[in-house]
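Chains as they are written, first to last, in our numbering: chain D, 1 to 618; chain S, 1 to 223.
Since the hints were derived computationally from the structure, they do not count as laboratory data.
Warning: the hint list may mix true and false statements.
To be verified - Pairs of lysine-lysine, DSS-like flavour, derived with a Cα cap of 27 Å:
#1 D:Lys424 / D:Lys402
#2 D:Lys537 / D:Lys497
#3 D:Lys4 / S:Lys150
#4 D:Lys404 / D:Lys428
#5 D:Lys101 / D:Lys31
#6 D:Lys334 / S:Lys8
#7 D:Lys15 / D:Lys4
#8 S:Lys108 / D:Lys12
#9 D:Lys12 / S:Lys17
#10 S:Lys146 / D:Lys8
#11 S:Lys122 / D:Lys8
#12 D:Lys296 / D:Lys231
#13 D:Lys12 / S:Lys146
#14 D:Lys15 / S:Lys150
#15 D:Lys12 / D:Lys29
#16 S:Lys15 / D:Lys29
In this text the structure is predicted, and so the values were computed from the model without any measurement.
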Amino acid sequence: MYPKDVEKLLLKVQKPGRYVGGEINSVIKNKEEVRVRFAFCFPDTYEIGMSHLGLKILYGAMNQVPDFWCERVFAPWVDMEELMIENEIPLYALESGDPVKDFDIIGFTLQYELSYSNILNMLKLAGVPVKSCDRHDLFNLVVAGGPCACNPEPLADFVDLFFLGDGEEVDLEVMRLYQRCKEQGIKKQEFLHLASQIEGVYVPSLYEVSYREDGTIRSYTPKDGAPATVKKRIMMDLDQTYYPDYMVVPNIDIVHDRISEEVLRGCIRGCRFCQAGFLYRPFREKSIETIDAQCKALCESTGYDEISLASLSTSDYSRLNELIDKLHCWTVEKKVSLSLPSLRVDGFSPELMDRINSVRKSGLTFAPEAGSQRMRDVINKNVTEEELLHTVAVAFRAGWTKIKLYFMIGLPTETMEDIDAILKLGQKVVDAFYQEKDRPGGKGVEVTLSAAAFVPKPFTPFQWFGQDSMETLRKKQHALKDHIPSKRMTVNYHDAKTSYLEAVFARGDRRLGDVLELALERGIHFDGWESCFDFEKWMSLFEELGIDPDFYCARHREFSEVLPWDHLDYGIKKEFLERECRRAFEGKTTPNCREKCSGCGAACYGGGLCVEKRADLV
Amino acid sequence: MAEGFVLKNARIWFKKKDAAKYISHLDLSRCMGRVLRICRIPVWYTEGFNPRVYMTFAMPLSLGISGERECMDIRLTEEFPFQEIQSRMNGHLPLGMQVLEVSEPICKFDQIQWAQYHYEWKAEDGSLLLHQLQELFSREAVIVSKHTKKGEKDFDIKPYFSPGSFDLQSSGLLAGVVTLPCSVSGSVNPGLLQDALKSCCGMEVLADVCRQKLLTKDFAEIR
Ligand code: SF4
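Construct all of the structure, not just a fragment, from the sequences and the given hints.
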């Protein structure tokens, strides 16, 4: 439901359906009967937030508890925001229509750094003090989780506590603690102290940071009995882990409008640029039976006719064919189609494509990530050119004519030759088409090369690496764009400015809080949207505050430097990352977890692939 | 499909108000398809590569306008009680929607020629608004620009609306009923009257507009 005053605004904005709620399966409770109200805030538009799996899982998990009511809140798009401010309508939640400032807990999911400005802006729209220290009572507690919580330091001034790792259990534990403290009249400070004792909870105000003269961190000192390192929470047995049997079905079209069934967590690959691949270790699979039962329940409750088998790398599910067989036993008859979110070069076959429906004959996407073998070895993307060319040849024979290839530029050790190799690889794909006797007739092949600028992230072997300057990145972009060898090829890339800002915040520290606060004051928001992103404005903030953004993004760190996230423990040993970093610079690859364990540290959780017997180890 | 069963048409009559009035026509058909699947109604699917639940809607309703009694047709692949369709669907619709009845279709949708709309103007001073409307319609023509497939076009709404349709209520609000062309060959959007007030008089007045009935050429309600 929406507040009455909103009615008069709705026909003046784009897509009013974003702001009204009332969707199928949205959870309505009697607010008199619930004890803790949680506002789940997604710092982006409705269509993006509603496509996000984590929201669906935690929404279900919290609402399962009769005492808790979790509602959804999204960032109003700029047209609506303007009208809300003009009409003095505070940010509200979609289920009850109640203002966010009436909620016990206000939770944000941190999916990408460029949404940080929206987090502060949403608090402001809600009329809630943005800084933790200005929220004195145990009320309007601001919490956050999600991948960017692995380096939450830029948000440390605003968020009372962060959830590290899997949220299914720890979120509920904190809510129960909150309920108890609220009912016993316990003060916020004492609550935070108690919360810091729960595994997976990081309370930034309980850590004192000191800096060296050169601006790097000297130390993190815990206070008030807070643990010296905060361990992430992890759900080891996915078959026993809560998974929703319903999902809110939006009334309007959204980005991913289908069922997402998570089939595994983690990734076996160990690509050195990929943060998710390290954060979510170890690799854990759901059983076929569980997946099958969950898919059935979700189809029955949502009426969707498409299931996406979601994960970081679904082709690595050990029994994918068996799983699809099992699902086909009922999905075919029920006219439900299956899709995979991404395909590995070595995971592609026309047989598989026939069995999943989502990939239309029109386009196939692969991510070789780098053009030369040398570069792919550096990033540990264990895909060879031969494999790629074989795969595209198979695809051409089977009738595909559009291939999109994802690359990164600005990778460690990269030279202009590596950039050139991207174009060469693209050309080989074009050639492979014309060499194929059984290629499809018609308009010919279209190859799109998409080049993203590399952003070094915490908890990866490249966490010490200084990002390429924008100038270098632009030079590389032009080298691509200006030398496209074939009319059959297009090159896409994004402005290097967004990657720059992303890199600043990804490895930022607490001192960036001032920048975010000033950004809020200057009305900066929706940085992830080209129409709103204002790089020059951001740069002027840094200048005004005397903070050098290059310190965060462009600087190479020493292995010995204390990093802002060193006191957070994701199970991956820093020595392992260092070893991987050295191997990268030596151009040495590391086998995937299924081939051989490389001793990253995640075996400490005692489960998943780390403890499985490998064929060569018996 | 049950063997030997001839597909049977069913007409679903429903209400679409409040939050649901912001569901666009395209989204409505997606939504109804899902609801029919959730309710396990034995519906017929279109054939072909991408089978969809077969549904036809009487007349699209513009975004923001409520529908008191809208309708859509489905085909059943086996005998299934109409009452059961209604009760199942009512547990699973978005807020603001309700199935009122399920019946055997009598009219064809191409028989629809008119629609009756109820307006409730949200202007505090209803008599002032009435006065404005009278002034507006005393003009030679009331021109608004209308979205068409070929872009914006000037359109005179004077033949379709009259201030006489509206009365002052005891609440002080102005309200009334207007019947407008509504057919496959062309419709007049009830929102054009608000557009005219805005573009010709600079008045932005909110109105609750609700389509009450769909009518045949003789102004009989379709069935
Ligand atoms: S401990 Fe070994 S198997 Fe487990 S995630 Fe790390 S490298 Fe892979």
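### Message
I'd like to know which numbered hints this structure contradicts. Please list them from smallest to largest.
### Response
3, 8, 12 and 15
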